[in-house]
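Chains as they are written, first to last, in this note's numbering: chain A, 433 to 712; chain B, 433 to 712.
No lab work stands behind these hints, which were simulated from the structure alone. Please note that a few of the clues may not be correct.
Unchecked claim - Taking lysine-lysine and the DSS-like style, the derived pairs with C-alpha atoms no more than 27 Å apart in a straight line are: (1) B/K645 x B/K496; (2) B/K645 x A/K649; (3) A/K672 x B/K469; (4) A/K672 x B/K645; (5) A/K645 x B/K622; (6) B/K698 x B/K649; (7) A/K649 x A/K697; (8) A/K645 x B/K496; (9) A/K649 x B/K649; (10) B/K622 x A/K649; (11) B/K645 x A/K645; (12) B/K469 x B/K649; (13) B/K645 x A/K622; (14) A/K520 x B/K622.
Protein chains: 2
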Amino acid sequence: MAEECTHDCSTCGSACSERQENPQDMRAAPHPASQIKKVIAVMSGKGGVGKSSVTALLAAGASKEGFRVGILDADITGPSIPKMFGLKTFAKGAGIFPAESELGIKVMSLNLLLSNEDDPVIWRGPLIGRAVTQFWEEVEWGELDFLFIDLPPGTADAPLTVMQTIPLSGLVVVSSPQDLAVMVVKKALKMADSMNIPVLGLVENMSYFVCPKCQEKVEIFGPSKGEEVAVVTGVPFLDKLPLDQRLAEHCDNGTVEKYSSDLFKKLLQSTHLKAETGGM
Amino acid sequence: MAEECTHDCSTCGSACSERQENPQDMRAAPHPASQIKKVIAVMSGKGGVGKSSVTALLAAGASKEGFRVGILDADITGPSIPKMFGLKTFAKGAGIFPAESELGIKVMSLNLLLSNEDDPVIWRGPLIGRAVTQFWEEVEWGELDFLFIDLPPGTADAPLTVMQTIPLSGLVVVSSPQDLAVMVVKKALKMADSMNIPVLGLVENMSYFVCPKCQEKVEIFGPSKGEEVAVVTGVPFLDKLPLDQRLAEHCDNGTVEKYSSDLFKKLLQSTHLKAETGGM
Numbered sequence: 433m434a435e436e437c438t439h440d441c442s443t444c445g446s447a448c449s450e451r452q453e454n455p456q457d458m459r460a461a462p463h464p465a466s467q468i469k470k471v472i473a474v475m476s477g478k479g480g481v482g483k484s485s486v487t488a489l490l491a492a493g494a495s496k497e498g499f500r501v502g503i504l505d506a507d508i509t510g511p512s513i514p515k516m517f518g519l520k521t522f523a524k525g526a527g528i529f530p531a532e533s534e535l536g537i538k539v540m541s542l543n544l545l546l547s548n549e550d551d552p553v554i555w556r557g558p559l560i561g562r563a564v565t566q567f568w569e570e571v572e573w574g575e576l577d578f579l580f581i582d583l584p585p586g587t588a589d590a591p592l593t594v595m596q597t598i599p600l601s602g603l604v605v606v607s608s609p610q611d612l613a614v615m616v617v618k619k620a621l622k623m624a625d626s627m628n629i630p631v632l633g634l635v636e637n638m639s640y641f642v643c644p645k646c647q648e649k650v651e652i653f654g655p656s657k658g659e660e661v662a663v664v665t666g667v668p669f670l671d672k673l674p675l676d677q678r679l680a681e682h683c684d685n686g687t688v689e690k691y692s693s694d695l696f697k698k699l700l701q702s703t704h705l706k707a708e709t710g711g712m
Numbered sequence: 433m434a435e436e437c438t439h440d441c442s443t444c445g446s447a448c449s450e451r452q453e454n455p456q457d458m459r460a461a462p463h464p465a466s467q468i469k470k471v472i473a474v475m476s477g478k479g480g481v482g483k484s485s486v487t488a489l490l491a492a493g494a495s496k497e498g499f500r501v502g503i504l505d506a507d508i509t510g511p512s513i514p515k516m517f518g519l520k521t522f523a524k525g526a527g528i529f530p531a532e533s534e535l536g537i538k539v540m541s542l543n544l545l546l547s548n549e550d551d552p553v554i555w556r557g558p559l560i561g562r563a564v565t566q567f568w569e570e571v572e573w574g575e576l577d578f579l580f581i582d583l584p585p586g587t588a589d590a591p592l593t594v595m596q597t598i599p600l601s602g603l604v605v606v607s608s609p610q611d612l613a614v615m616v617v618k619k620a621l622k623m624a625d626s627m628n629i630p631v632l633g634l635v636e637n638m639s640y641f642v643c644p645k646c647q648e649k650v651e652i653f654g655p656s657k658g659e660e661v662a663v664v665t666g667v668p669f670l671d672k673l674p675l676d677q678r679l680a681e682h683c684d685n686g687t688v689e690k691y692s693s694d695l696f697k698k699l700l701q702s703t704h705l706k707a708e709t710g711g712m
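Build the full structure now, drawing on both the sequences and the hints.
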């Protein structure tokens, strides 16, 4: 039995004597060298609302709080996590080991496996699903308190595969104030509900912009609708994030860890996270 | 033979005596009632850069110039075109007819077929590809000068299927100034190249924001890189569009046709469009 056993065999690969398998469960076990306490997927219905930035901020926040953290980049055809953390290659060895960021966050992404980061991955759905499953089953993550999964946008293959094969503690859903994004976020919430995955919280990104010259607060994408959507759908509202030049800059420069955010602390306080996962 | 024969049987469904089929060609013919002169797909590597807005602006621009225009919304799991044009249902009849916007733009989208626009479409790749092909083969588009296709982001199933089965005159590629989006746009360009689809132009969206109070021009997503990318990749640079509150508002209100833009005129002037398609 692992030193810090959570009694949830679905997130632990160790072949200990107390291992219990649920024959009804179609979820896959991680690599035997992986012991992962909580797996949180970050989802958005619509692309470009900053899902990957939110994943990065959550991971960096958790790491700064002293947790052991990993990111599985499931956005196979549009991976952006490695660039945000300034990572180019994964660790080579006898097995498949994730890359490690400056803060020690473990990252696995298809872009780390390409010889040229500009190469397109022209793959059909089943192959994409297979890559995501491999990142879960064959990568040696080691011991992690939190594994964040950056899902591709939409409700197609990759999010489906993750929800079916990886035992998720819950989802964080990211939206922007645009009506369009809100419509698509409702699709994402319905999908999570139909697959019995608890939604830990909703983040509204790009809520407003503060002009660096005159400090005017402008709601570029229209008035905030996050709290309203949260009330209608019964999902806890985590935070409202501005459209911030400095965050875009940090993401482009590979220094996202240097951006300060208390998003993870808010997630940790989410009663849903406590209820669904028994706290930390 | 159709009255305005283009001698390109791949974009015409009419079973006339002069019909020539290329046995090597894997592309599908449209519905017999469809005669479509030019098919232009709008693509982006990364989601959320405003691909659907660009599609809408191009279509509205073409319609205002007197062309007969259609939009095939291939963004099956995150369709946003109907909302931008204020459309809720498609025309019912003996066949499948597209909806028509105020300007007379014909639109077909999966969202027009859902009983509730918030319902998620949890489909795997092959089914998504099939829906897109059906929109091409089974919808009665009638006579069109331009059919614009709003592709889903990325380089997975739906763009693949469109590029393989629909005879495209060319692609318009949309990016934002973020390094990340630029990296992913290069993937999209390489994909187009590998499939021999001409790229008619690159549009940089969200290039800058003008503060409505003090008129300060802010490059929220970093300095513009579109022209540079265009030079490096040899793709013509079409336009640089600002992040505009009014456009977001029009898209949310279903009045995108009321927003004025000369993007289509710039596309029409693109030497690539003239060279690749023999002009209009």
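For each hint, the structure was consulted:
1. B/K645 x B/K496: Since the Cα atoms of B/K645 and B/K496 sit roughly 32 Å apart, the hinted pair is violated (cutoff 27 Å).
2. B/K645 x A/K649: holds (10 Å)
3. A/K672 x B/K469: violated (46 Å)
4. A/K672 x B/K645: The given pair, whose Cα atoms are some 23 Å apart, holds under the 27 Å limit.
5. A/K645 x B/K622: Not OK: A/K645 and B/K622 at ~40 Å, beyond 27 Å, violated.
6. B/K698 x B/K649: holds (23 Å)
7. A/K649 x A/K697: Holds - the C-alpha atoms of A/K697 and A/K649 are around 25 Å apart, at most 27 Å.
8. A/K645 x B/K496: violated (38 Å)
9. A/K649 x B/K649: Since the Cα atoms of A/K649 and B/K649 sit roughly 15 Å apart, the hinted pair holds (cutoff 27 Å).
10. B/K622 x A/K649: Not OK: B/K622 and A/K649 at ~40 Å, beyond 27 Å, violated.
11. B/K645 x A/K645: Given that 27 Å is the threshold and the Cα spacing comes to 10 Å, the pair holds.
12. B/K469 x B/K649: violated (40 Å)
13. B/K645 x A/K622: violated (40 Å)
14. A/K520 x B/K622: holds (20 Å)
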